[in-house]
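Asker: If you read the protein sequences in the order shown, they are chains G and E.
No gaps in the numbering here: position 85 of the first sequence is 85 in the numbering used here, and each next residue is one more.
No gaps in the numbering here: position 138 of the second sequence is 138 in the numbering used here, and each next residue is one more.
Derived from the structure by calculation, the hints contain no laboratory data.
Any given hint might turn out to be false.
DSS-like cross-link-like pairs, simulated, lysine-lysine; straight-line CA separation at most 25 Å [claimed, not checked]: (1) G:K127 / G:K70; (2) G:K107 / E:K221; (3) G:K107 / E:K19; (4) G:K231 / G:K70; (5) G:K231 / G:K213; (6) E:K19 / G:K127.
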Amino acid sequence: MALLDIENLSVSYGSIRALRGISLKVEPGEIVTLIGGNGAGKSTTLRTISGLLSPQEGQILFEGKPIASKSPHAIAANRLIHVPEGRGIFANLTVEENLRLGAYCRKDTHEIRQDYEHALELFPRVKERLWQLAGTLSGGEQQMVAIARALLARPKLLMLDEPSLGLAPQIVQLIFQVIRKINAGGTTILLVEQNANLALQVAHRAYVLEVGKIEMSGPAAELANSDDIRKAYLGGH
Amino acid sequence: MSASDVLIEPTSHGVNILKSAAPILVGIALAVGIQFLLPSTVGPYYSRLVIDAGIAMILAVSLNIVNGMTGQFSIGHAGFMTIGAYTAGSITFYSSLLIWGTAAKHGSFLGSGEWMFVIACLCGGITASIAGFVVGLPSLRLRGDYLAIVTLGFGEILRVLLQQTGKVVDNAEIVRNAPLTTFATVPVGGAIGFDGIPKYTTLFWVYAFLAITVIFAYRLKRSSFGRAMLSVREDEIAAQAMGINTSRQKLLAFITAAFFAGVGGGLLAHESGVIISPKDAGFQRSFDYVIMTVLGGRGSITGVMLAAILLSGLPEVLRDFERYRIIIYAALLIFMMLSRPQGLFGIHEIWDFFPRSWKTLPWKKSPREEAQ
Chain G
1 MALLDIENLS VSYGSIRALR GISLKVEPGE IVTLIGGNGA GKSTTLRTIS
51 GLLSPQEGQI LFEGKPIASK SPHAIAANRL IHVPEGRGIF ANLTVEENLR
101 LGAYCRKDTH EIRQDYEHAL ELFPRVKERL WQLAGTLSGG EQQMVAIARA
151 LLARPKLLML DEPSLGLAPQ IVQLIFQVIR KINAGGTTIL LVEQNANLAL
201 QVAHRAYVLE VGKIEMSGPA AELANSDDIR KAYLGGH
Chain E
1 MSASDVLIEP TSHGVNILKS AAPILVGIAL AVGIQFLLPS TVGPYYSRLV
51 IDAGIAMILA VSLNIVNGMT GQFSIGHAGF MTIGAYTAGS ITFYSSLLIW
101 GTAAKHGSFL GSGEWMFVIA CLCGGITASI AGFVVGLPSL RLRGDYLAIV
151 TLGFGEILRV LLQQTGKVVD NAEIVRNAPL TTFATVPVGG AIGFDGIPKY
201 TTLFWVYAFL AITVIFAYRL KRSSFGRAML SVREDEIAAQ AMGINTSRQK
251 LLAFITAAFF AGVGGGLLAH ESGVIISPKD AGFQRSFDYV IMTVLGGRGS
301 ITGVMLAAIL LSGLPEVLRD FERYRIIIYA ALLIFMMLSR PQGLFGIHEI
351 WDFFPRSWKT LPWKKSPREE AQ
């Protein structure tokens with residue numbers, strides 16, 4: 001059974017149709033990436049999955065159960081965690097408080113502690129900044145805090161929206177290494193990226209989204225070599 | 001000790017109970033000290049000011065839970081206060097009439113009359129928090145200006161309703177023999193206000209309740225529950241993504257803030273020289289408290305307390321200027337907001353400005369140092 005199973009999902013902003021019947025699956029243990037240009041509906045897809053938008057049509061099954069009508073906090077409590085675009089850091093709280101909030105729904109003190117240590121191992125820079133207000137960190141560090149915070153919820157499915165947005169190439173490399181590590185630790189990841197090149201490097205499978213429809217899908221390596229993709233997204237000739 | 005030990009403090013229950021009771025005990029000891037030392041040293045005029053400042057602090061600190069910590073904009077706080085004031089006032093007034101035959105103050109310090117007053121204040125808090133629930137529920141879908149308008153409307157509606165209430169029945173015999181229908185008009189004084197409430201409010205009770213309010217607010221801010229409120233203020237979408245039920249959090253913020261406002265109202269109703277009237281529910285008074293929270297800083301408990309002291313003292317200091325007083329008051333406010341738009345302390349507490357060496361005992365390391 002797929003961890004996340006989306007069928008025929010349609011979403012509109014008022015009269016504008018953002019998603020026109022997309023279907024996708026995420027199997028346990030995978031990194032699946034959703035690539036596509038601006039306004040293709042990538043973020044809309046994630047926002048619909050996490051309950052911030054409600055779909056007009058279609059269904060979303062998480063672990064076989066429909067979640068399309070649930071509220072965002074109830075979905076998050078099922079350990080389907082969304083790191084929103086623009087990071088959504090709590091700027092006037094310390095980094096440590098941000099991390100604590102990640103574990104808000106959990107009561108298993110001992111495991112939270114393990115996850116906390118693990119998250120800080122993945123991001124040593126976050127550990128150095130624990131007592132700083134999160135708003136004073138650099139963009140890259142804030143992205144790290146956002147991911148570390150999401151890890152404290154011990155997600156079954158981690159949805160990352162544009163983790164590379166506005167970051168220096170070195171930092172982007174670093175973050176993608178960590179994404180690999182997180183996945184290697186057993187966490188399933190759904191990754192939305194504009195940087196298709198990078199996304200296809202880390203992902204197992206990919207979906208290409210174009211104006212609200214899935215144009216292509218398949219193993220990431222295959223898509224990376226496909227001529228259409230290279231022309232459209234990878235800047236190749 | 002590693003950083004993670006700081007995240008989850010080791011718990012030892014015996015020590016913790018002592019630790020959590022200590023601030024309350026210190027607060028109550030301070031309240032006793034103020035009660036017995038202050039009036040004899042500064043005289044009744046200044047004692048009265050200190051009482052007013054204490055009540056203002058209770059109101060401002062409680063409003064800060066909604067406006068500062070949860071980031072909602074409520075301008076109907078005086079409405080909750082007034083509900084508490086009328087509830088507590090009618091309880092002590094009519095119970096005194098029934099039990100002692102007169103509505104005058106009964107018993108001495110910590111006597112039976114005072115305990116009735118304390119229970120009445122708590123009942124005032126409870127009715128106010130029920131009102132908080134009722135107002136909060138439909139308001140949850142609103143934010144910013146729209147929520148402000150709803151809370152403003154609540155205060156005004158309450159003011160008009162209170163004007164329609166019946167005359168106070170101040171005779172014990174009549175109260176005893178009156179049919180229940182007499183009470184259908186809610187005899188709390190109508191437009192002229194509720195006169196004759198026994199004057200129980202003393203420095204001790206104001207500062208004891210203030211201590212409880214402040215410690216509660218501080219504990220709340222440090223708890224995971226309070227952090228969830230802060231996260232709603234910071235970024236509602238991200239808070240939801242953490243699994244926080246933001247609507248529930250806002251509603252609970254409303255209810256707790258209203259509770260303390262109601263208690264503060266109870267204290268105000270029993271203060272000597274004060275006759276509570278429907279206009280207390282109006283927006284003028286609500287605005288005073290909003291100004292205190294804005295001037296103090298978002299979510300800063302000590303900042304809001306300082307602002308409450310300043311703003312309740314300022315009109316008295318400016319009294320010599322007579323009719324120009326309000327103009328100077330307003331000009332000073334404008335000046336303060338221009339020079340410190342984030343409020344006196346911003347998001348910080350007063351001790352964040354102390355040098356680090358003051359904050360920890362010399363033989364103890366701060367958690368920050370231990371983490372490094």
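Asker: Could you work out which of the previously given hints the structure breaks and list their numbers from low to high?
Answerer: Those not satisfied are hints 1, 4 and 6.
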